[in-house]
Amino acid sequence: MSMHLPVRPAWTCAGCGQAWPCLTRKRQLLAEFAGARVSLMLYLSRFFVEACVDMPATTSGTLYRRFFTWPYEPSDGRHSSESAPPGR
Numbered sequence: 145m146s147m148h149l150p151v152r153p154a155w156t157c158a159g160c161g162q163a164w165p166c167l168t169r170k171r172q173l174l175a176e177f178a179g180a181r182v183s184l185m186l187y188l189s190r191f192f193v194e195a196c197v198d199m200p201a202t203t204s205g206t207l208y209r210r211f212f213t214w215p216y217e218p219s220d221g222r223h224s225s226e227s228a229p230p231g232r
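FYI, the numbering for the sequence shown is 145 to 232, going by this note's numbering.
Careful: at least some of the hints might be erroneous.
With a straight-line Cα cutoff of 25 Å, these simulated DMTMM-like cross-link-like pairs (lysine to aspartate or glutamate) come out [claimed, not checked]:
no., residue 1, residue 2
1, 170, 198
2, 170, 194
3, 170, 217
No lab work stands behind these hints, which were simulated from the structure alone.
None of these values were measured; they are calculated from a predicted model.
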């Protein structure tokens, strides 16, 4: 069980205090959902909806980027249109 869980309603990480999902949790989630990108996105969707409710003053675009774009960012820092999420 990860210590890097979201603290609501601010959506900070219980383990490190960074914005959730923090870098550590992102790495854990990528390992947990290796080869199952759709399942990871469905998992993150639940948190996205909850964050939208908890942070109504935050734009949906900001929350979208926070929850859905990082799984598509290459680990070597290069951008690839082939792995980009829909609408990007």
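Cross-check of the supplied hints:
1. 170 - 198: holds (21 Å)
2. 170 - 194: holds (18 Å)
3. 170 - 217: holds (11 Å)
The structure is consistent with each of the numbered hints, conforming to all of them.
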